[in-house]
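Colleague: Protein sequences appear in the order of chains A and B. Terminal number for the first sequence in the working numbering: 299, no gaps in between. Terminal number for the second sequence in the working numbering: 299, no gaps in between.
Hints in this document: simulated from the structure, not taken from any laboratory. Worth double-checking, as some hints may not be accurate.
If several chains are the same, the list does not tell them apart, and a pair holds so long as it fits within one copy or across any two.
[Claimed, not checked] Heads up, simulated PhoX-like pairs for lysine-lysine below, C-alpha to C-alpha not over 25 Å straight-line:
id, residue 1, residue 2
1, Lys265, Lys108
2, Lys253, Lys205
3, Lys158, Lys213
4, Lys253, Lys208
5, Lys139, Lys293
6, Lys278, Lys87
Now for the letters of each chain:
There are 2 protein chains.
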Amino acid sequence: MFDQISIIGCGLIGSSIFKGLKKVGSIKKIITYDNDKSVNEIIKKDKLSDEIFKSAGEAVKNSDLIIIATPISSFENVLNSIKDNLKTGSILTDTCSVKTGVSKIFEKMNLKNSICIPGHPVAGIENSGPKAGFADLFKNRWTILTPSKNTDEKTLQKVSNFWESLGSTIKIMSDEDHDKILTFTSHLPHVVAYNIVKTSMSHDKEVKDDIIKYSAGGLRDFTRIAASDPIMWRDIFIDNSALIIQAIDKFIKNLDEFKKAISEKDSKKLIEIFEKSKDFRKSIIKAGQDTDKPDFGRK
Amino acid sequence: MFDQISIIGCGLIGSSIFKGLKKVGSIKKIITYDNDKSVNEIIKKDKLSDEIFKSAGEAVKNSDLIIIATPISSFENVLNSIKDNLKTGSILTDTCSVKTGVSKIFEKMNLKNSICIPGHPVAGIENSGPKAGFADLFKNRWTILTPSKNTDEKTLQKVSNFWESLGSTIKIMSDEDHDKILTFTSHLPHVVAYNIVKTSMSHDKEVKDDIIKYSAGGLRDFTRIAASDPIMWRDIFIDNSALIIQAIDKFIKNLDEFKKAISEKDSKKLIEIFEKSKDFRKSIIKAGQDTDKPDFGRK
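In isolation and in its complexed conformation, chain A is listed as follows (with noise of 0.2 Å):
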């Protein structure tokens, strides 16, 4: 596959990546690098490098693919600090959830002796940092390439490769058809969760310290989806901004039709919304993104 890689952001996705990777044993050598000192004293004692850098652009070097998975608002200072060693034939690719920002940074880099292909591995928990990473995490979920109009087919295939021998899925979209996707399968239900949290919050300490204590009853959660990592979640939200203001506005629709719904004590209404619920819930469950396993498996 590839001789060397070189891994730019070692949190929960890039030491994954590193963990996966060994346990197929499919690359002679994987380099690290982080701008985080912990992270890099974390990585060095779990023995998550073949090689620690302490600059990204010593870190590329004799790289066949560099993946950057870093917050998208350090792409531009990624680049510029590995532009000019880049190994000609080199591939670049990352992991961010949003699509377009990243073609737009690659294109404005115009880098001639590399080839890049935006990605995204649909893969993800609650939990940051390289001690939350873990081999399988990629395992069949989907991970989205979203090369431009003018990437070869052998190179994108061999990026395909490297994500199937992690046990992703490929599909090859454009970035818009991604970012659209993304918003309502992602982005919008972190704005909700996010929210959700905030609304309960904002009570005094008697109030709050019940709501925590019953918490089980749906709002626990939302806390979990809201606990994602908030500098991925800003750059998200801010470079996606225009589609999820679109999705929020559309949810928002919804939210005062529920209103008067519950308002006019409509059943009829309600009962329609709440059935077509569960159906859309089974489509997810014959579609493989989920099981009816009860509660999470928490029972």
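Using the hints provided, position chain B relative to the given structure of chain A.
Modeller: Same frame as chain A, now just chain B:
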């Protein structure tokens, strides 16, 4: 404890009470009634009753404790059918997720020979029906009792002991406090879950299929909550509509602020919201209301 109890309504909660009591072995005879033929067939086949009755009125005769585990819209009917058959000194309780409405119905019925204590085991999973029930549903969960001011201590203790025998911890509070807290811990999260699913569904088939396919990024977790029993939730939303509407308004206000923050790329404000969410999540884990096992144990 009690020699004979009757369970009216044998869905998830009713059947879990039966299974829990049988596991403990504390009650001599457990009678059940459900107005749904198909439910009764399951109850019979799976031996989830010591005696199945065909009318609620017949089912309560000679019972010391009657548990109404039906949706709240059936309450008045159930009470009307049983009121003339209640044993003197019998205790009535329920399992609804709204309590002021239940108190009002109990008050209105003004039963002379029985004592009514509204109750709510804060336990539940997204699956419904008798097949979903299990003995440990109430274990390590709160059961909230909302007795009226006239309730004698001895009767309250009996009902407390009953739920404690199923593994619950008891909390006594007013019905108003109960509904206020549950609005935020359970009702608002469900409103939001239903509406995020609705928002995601309102797309062309092709986009909708893609949304289902990539739902693991957050959306699937909302569909799980939104798969709960439709009749039960219709009743909760209608019965507690005033408080829920207030909560929705608060929530929309927060959403509007959030929209503003992302359109203005207000990094500081966003990070502040996210960090506070993480703290709130930590409080929930500290309060023993969730574990920090990643990804709901799906990993």
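Colleague: Any hints this thing doesn't respect? Which numbers, in order?
Modeller: Per hint list: single violation, 6.
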